[in-house]
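**Student:** In order, the protein sequences belong to chains A and B. The first sequence begins at 1 in the working numbering and counts up one residue at a time. The second sequence begins at 1 in the working numbering and counts up one residue at a time.
Check each hint, because a few of them may be wrong.
Stated by the list, open to error - Cβ pair distances, simulated, as ranges: (1) E65/A to A111/B: 30 to 38 Å; (2) Q22/B to G89/A: 18 to 26 Å; (3) S79/B to P145/A: 24 to 32 Å; (4) W26/B to K58/A: 49 to 57 Å.
What the hints assert, rightly or not - When the alpha-carbon atoms are kept at most 20 Å apart in a straight line, the in silico PhoX-like pairs for lysine-lysine are as follows: (5) K143/A to K152/B; (6) K108/A to K2/A; (7) K3/A to K2/B; (8) K15/A to K67/A; (9) K58/A to K143/A; (10) K145/B to K15/A; (11) K83/B to K2/A.
In short, the hints are calculated from the structure, not lab data. Where a beta carbon is used, it is the ideal one built from N, C-alpha and C, also for glycine.
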Amino acid sequence: MKKVLIAVDDTSGSKAVLSVFSNLVRPPEEVVLLHVERLEGKSLMIDMLGDAELSTLKESLEGTEYKEALDKRAERILNHYKKALEDGGLIRIKTVIRAGIPSDEICKVAEAENVDLIVVGSNEKRGLDRLVAGCVSKDVERKAPVPVIIGKCDTSEKTLEVKEAAVTA
Amino acid sequence: MKKILVAVDGRKNSAGIMELFQKMVWAPEQVVLVHVEQLEGNSMMTAMLGEAELATLKESIKGTEHKDALDEKAEKILSHYKKELSNGGLTDIKTVIREGNPSDEILKVAAEEKADLIIVGCSGKTRLQRLVSGCASREVERNAKVPVLIAKGNGCGEHAHIWSGREEAYAIR
């Protein structure tokens, strides 16, 4: 396998990509490590923005402190994962920062870089949140042209146990 | 890695699955092939059935031609994959046939077998179909305790979503 795209953010769901990468995936020649900045912060409005509005938002944020903070955070996240991957013995890592809708950007970068596989973490959003804001991994899974691995971390385990208990009761 | 569960619903994507093992993921010690029979056929009502109704449905179609046909189809699909995988060098293969709600059954088998990874295909359903009947791969991804790999079959990308996958699977029946 030549190239793997690994998409990360600063949620704990992203940590799962490391264990997936080291335990399950055959080592590729190159890793593309991607972080997508969310210009709209934690608001849920991103799905309602068209391309035009999004580019206006991008422009108006250019050079602001807010954008600088986002950039700094992106650097920090990417460096953290880059180091973790390097500790695992991998050398060729390319880091990419994009801004916009995460699932779209992930798929665009996957296509531009011609990757063979996409690895994403799972999002802990549940229920209503997920319905309203959508879920990055779900969208990626649907749109991606190549196979996608969705990592799992321990936090999701509790939720399932609760659900199982409810069924048996 | 010890065990990978591969959920299969038609014969169309065995090449894609094999490619995953050869190129992308480490070959496991054991592969568990799971096929879930959809007792209700192509109808979309499965999501609306409770445990009790599903059990009644199971009882009432036992021994019917419909069930025999389902069993035969399941055997065919599983033996096809088993052959393909053993040709590719994977020798320890276990096959499991279940019936009922695909995502629930896949998750149950994954838990029983303690699989390290679940591989599911992309169904190629449209947005509306997904909204109405749900999508097994999505449900699995959402509730699984272990990583899930969504394999991509013919025309399962963004561009050819509408009439691929599912339709082909039905044509085999």
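**Student:** Look at each hint and say if it fits the structure.
**Tutor:** Hint-by-hint comparison with the structure:
1. Distance hint for E65/A and A111/B: a CB-CB separation of about 48 Å, inconsistent with the stated range 30 to 38 Å.
2. At about 22 Å, the beta-carbon gap between Q22/B and G89/A stays in the expected band of 18 to 26 Å.
3. For S79/B and P145/A, the hinted distance range of 24 to 32 Å is satisfied, since their beta carbons lie about 30 Å from each other.
4. Between W26/B and K58/A the beta carbon distance is about 40 Å. The supplied range of 49 to 57 Å is therefore violated.
5. At roughly 10 Å between alpha-carbon atoms, K143/A and K152/B fall within 20 Å of each other, so this suggested pair holds.
6. As the CA atoms of K108/A and K2/A are separated by approximately 18 Å, the hinted pair is consistent with the 20 Å bound.
7. Distance hint between K3/A and K2/B is unfulfilled; the C-alpha atoms sit about 24 Å from each other, more than 20 Å.
8. Restraint check for K15/A and K67/A: not satisfied, since their Cα atoms lie roughly 24 Å apart, outside the 20 Å limit.
9. Restraint check: the Cα-Cα separation between K58/A and K143/A comes to about 23 Å, which exceeds 20 Å; the hinted pair is violated.
10. Between K145/B and K15/A the alpha-carbon distance is near 14 Å, which keeps this suggested pair within the 20 Å criterion.
11. For the hint linking K83/B to K2/A, the alpha-carbon distance of about 28 Å lies beyond 20 Å, and the restraint is violated.
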